[in-house]
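A.B. asks: Each chain, letter by letter, is given below.
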Amino acid sequence: MQRRDRTFFALMAAGAAALALLPLIGVDASFRHFLILAFIYAIVASNWDLTLGYGGILNFAHPAFFELGVYGYAIFASTLEVEPWLALLLAGGVAVIAALMIVLPVLRLRGIYVILVTFAFGQICLQIVLSQSQITGGSQGMVLLPGLQLGDWSFARDGRMGYYYATLLLLVLSTIYLRMVVRSSFGRSIQALRDNEYYAISRGISVSRQRILTMAASAVFTGMAGGMYAAYLRVASPEVFGLDFLIIVLSALLLGGTSTILGPVMAAILLAILSEWMMDLGAWRFLILSVLIVGVLRFYPGGLYALIEGLAKWAISGRAAVRRGARSPLK
Amino acid sequence: MSQSEPSVLRVEHARKAFGSLIAVNDVSFSVEQGEIFGIAGPNGSGKSTLFNIISGVPFAADAGRFILAGQDVTGLRAHLRFRRGLARTFQTETAFDCLSVEENIDLARVYGPDNPEEAYGVAEALELSKISRHTAEMNAGEISVFDKKKLMIATAVVARPKLLMLDEPAAGLTKTEIDELREVIVELNRAGISIVLVEHVLPLLLSVAQRVLVLNQGEEVMTGPPDEMIKDPRVIEAYLGRKGHDRVSAA
Ligand SMILES: Nc1ncnc2c1ncn2[C@@H]1O[C@H](COP(=O)(O)OP(=O)(O)O)[C@@H](O)[C@H]1O
Ligand SMILES: [Mg+2]
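Going down the list, the sequences are from chains P and C. Each residue of the first sequence is one higher than the last, beginning at 148 in this note's numbering. Each residue of the second sequence is one higher than the last, beginning at 910 in this note's numbering.
Don't read these hints as lab results, they were simulated from the structure. The structure presented is a predicted model; accordingly, all values stated were derived computationally and were not measured. There could be a bad hint or two in this list.
Claimed, not checked - Label pairs and their computed distance ranges (CB to CB):
1) 432/P <-> 971/C: 56 to 62 Å
2) 263/P <-> 1143/C: 52 to 58 Å
3) 926/C <-> 227/P: 56 to 62 Å
4) 154/P <-> 914/C: 48 to 54 Å
5) 928/C <-> 320/P: 51 to 57 Å
6) 971/C <-> 263/P: 30 to 36 Å
7) 441/P <-> 1096/C: 50 to 56 Å
8) 332/P <-> 1084/C: 34 to 40 Å
9) 1050/C <-> 332/P: 17 to 23 Å
10) 286/P <-> 924/C: 56 to 62 Å
11) 926/C <-> 320/P: 33 to 39 Å
12) 256/P <-> 1101/C: 38 to 44 Å
Said to hold, decoys possible - Below 25 Å or equal to it, Euclidean Cα-Cα: the simulated SDA-like pairs (lysine to any residue) are:
13) 1057/C <-> 1047/C
14) 460/P <-> 1048/C
15) 1071/C <-> 1025/C
16) 1071/C <-> 1015/C
17) 1071/C <-> 345/P
18) 1084/C <-> 1071/C
19) 460/P <-> 1007/C
20) 460/P <-> 1046/C
21) 1057/C <-> 1145/C
22) 1071/C <-> 354/P
23) 1057/C <-> 330/P
24) 1057/C <-> 334/P
25) 1071/C <-> 1037/C
26) 460/P <-> 1006/C
27) 1057/C <-> 151/P
Said to hold, decoys possible - Partial list, computed: chain C residues near chain P (C-beta under 7 Å):
28) 966
29) 968
30) 997
31) 1064
32) 1149
Glycine included, each C-beta is placed from N, C-alpha and C at the ideal position.
Chain C extracted, bound-state conformation (with noise of 0.2 Å):
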């Protein structure tokens, strides 16, 4: 990575507490030029709620700063961030159902780049993301799940973020459909965009990030290439507890 080119995405010591619940604490990473970052956790270790600090959907960050390739979004209105080429997804599918899936897509597009000359069409969104012709012209709400899914992708993609961050996308898909997400995957970051995968289903989560950040309880566990990720006993117990713990270092 060269100094020249600053990260996608430098998260510094994020922070969000619910009550006493405090969800993300401390967290920091950054995500380099065309990488796919994976970040892992169990169940409630705050992996959603840093999507939300990051992108100020629903709410913005106790503390913390987040520099998007050089600037210093953290002041910066949610919608503005996503003009500035930050774009999420949502753990539920969600699409504007009363939308076809063209004009959802078109949507974004109009309201997404500051410089609306940076965007895809919509028709390279929808190639991208995989979306059959047929199903763009449905309204998004009658389209499948899995279609709702890469609608929810090409919506953020349409924009041709910098950063695209995407919440656990494969739960609840079957093993074919889980592929055809991994090739979207693959060829969204081959076409420039850095991504940052939140997933459960860690084979696919393995087999395409570079870099993986472990959490529980809103804390960083380790970070590093999977390999050493799936050996690290601290991740094993993060997952398993110290039970699960005992158990593999027993064996």
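For reference, chain P alone in the conformation it holds in the complex (with noise of 0.2 Å):
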């Protein structure tokens, strides 16, 4: 293993270890909550890297994946009576079928054609979901979904500490997936597809390929994190399709870093910590994230992976090298 891949291991697991041993030292049932819904935040925001960072591919397509996990997970749980683990499964599996179908518009598509194209295709799915109401509950929503158990044990039991571990344990689980993807030849091709597309067709590299597979590879526990949080929250309701959704997640995203996979899943956490904090502040709060998004990005264009890289390279060389670090994000 090389060392920078010991690194992200590292940090990975560190991260991992604070988490899962902070419910011991006791935090409130709402402050876990938010945990859970970061939790799943950093899923699909650090999946989306991966078309939107590493692939170079504008595609917003990317939250309706997960909305369509959420749905996915409610029809087959509690429409068809799939056991619930399963469900979780296929969530994922729908999220790849969708991946799958709008990737063939866009692969002959450059630049903001593909914006419009993949972000069309989020609202196309929110109207199929509130027409097809016999099936989707409509503007409605499904309620009273079935939600995750072992054996007798109700995950919602004992304050939803199983949501806290089986979404941190998803989270963990798709970090390393990501890292796998993009350290292998596979994620090196779409890098290069990204840094110099001719370059990359000249040595052997197929566009359209690497890119169906780059949005099906993004899709797989983005609509996981739909069916962990349809199972957590026991409904899907179309609110799921709303901007605020997408903020958030490209917010986590850009703060975090493109292209480093752990900064998005760092700064969905983050984030989720600071509006929990700044509750009490209502509308005010949205008005002082951004300006942390855009101070943040200002400074280190790099995002929060970047300036933390930066503090640890000044830390252990004791040189300053956090300038440096700001525009080399560790890859």
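Hey, can you piece these two chains together into the complex? The hints should help.
C.D. replies: Listed below in structure tokens is the structure:
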């Protein structure tokens, strides 16, 4: 294992261990609720990094993969009465199928047109959900969905402790998966296409094939995160299609730093904690968060990850490498 | 050249126009097995465009046929042409800057030839391109211009191509660097790779090429061995314009 892989997994393991111990030192239920949501946002944001960051594909259908995961779980677990754990996996499958559907029209498009078409895809999904009310519950959504349990132990018991650990585990698995994907030959090939498309083609890499695979790969855990969200909240409502969700996840991705995986994960958790702290401030907290995001990105275009990396280098070497770290996010 | 062995590359009536500008106009030539084939011509004469349409990157030809070792690759998508053994470099040095030098080469190896066993190993490609071990571990974004040029050759060579097309590899290099580049080209050729070399640095081109095709304004001026080329009045005219031709013939 190379040094940068060790750094990555060490950081991830330390973060996961800290989060796993957190409930034991006693945090209140509402904070735990925020963290569960943060883990789910973290999964969605970091998987989005695969297309938006590593792949350089301006894919705005990503939130829709999550939303279809939510409804996929609801329909499988509730309507079709599939075992909830299996429905969770199937939610990932639903998202992958959606990704394969939207990637085909996108293959021939570039830049702004990719944004337009992929964004429209989310809106079309919403319209379908609203219009097919006998299946989806329309604007009412679907409620009282089956939750997760192991044997007789419901994950909602003991202050939702089961969901806390299940979601954290899903986040850890997703992070390992993403790291393995981007460090594989496939992952390198999509970065190569992003950095220099024609050169990559001239070295045997197929744009279409890699784009299809990138979109599919980014949907797997995103769909499962949707399933987890539905299992946890036990509702599937068209509200998840709203702009709020897109803004939260996109903020986490940009604030954390694209093409870093851990950046969006950390930023999602940080944003959840900050908005919890600032609950009393009402609408002001969005203003404060916006200023924070703009401020960080102004001085660290590489995002939080670059900032932390820079600080770490500085702490280790004692030299002022902080500034340099701003421009070279660890890959 | 025996009848049984087809030309490594046959270009038949290649043509590419940009609006009313005909950048490559009805150009035909063939490159024989084991040959170093030179292409010369003034700036804007269509050399790079010719490479572009042969490799399919970034655009295809308007007309013409390209036959690689007996197989028609004209309609083949660009990335598949590389996998069939047609590799090119670009005039401006490019690399996948976010990957290390070794990873750059390995990527071309993995996505390279149809049959991966035909490929060289990364270490062999490094050696053939004369890239140092130290450089190999660096990030491609951090290496020198000369190393980037060699890296671009290494990512082509690792696939053990049938034909390697080099677009002005010596541009901007010092004399010592050009000498090293000459060794790389000659050794690659000895290793069995046929080469098309577009080069503005004429001493390099004339010292390694067995035959040279001279282009002017998208059209073939002549094809022949280097010593014929430098004497050919049409070539002198293409390079220096009519006045230069008059001066030379008056002398
Ligand atoms: N993509 C393009 N669009 C429009 N014109 C081009 C393009 N590429 C090359 N040309 C034109 O075609 C001619 C040949 O260019 P090029 O093949 O780059 O010449 P060379 O490599 O011999 O210097 C030039 O006049 C150039 O301006
Ligand atoms: Mg040129």
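A.B. asks: Going back to the hint list, which numbers does this structure go against?
C.D. replies: Hint check: 11, 18, 21, 29, 32 fail, others pass.
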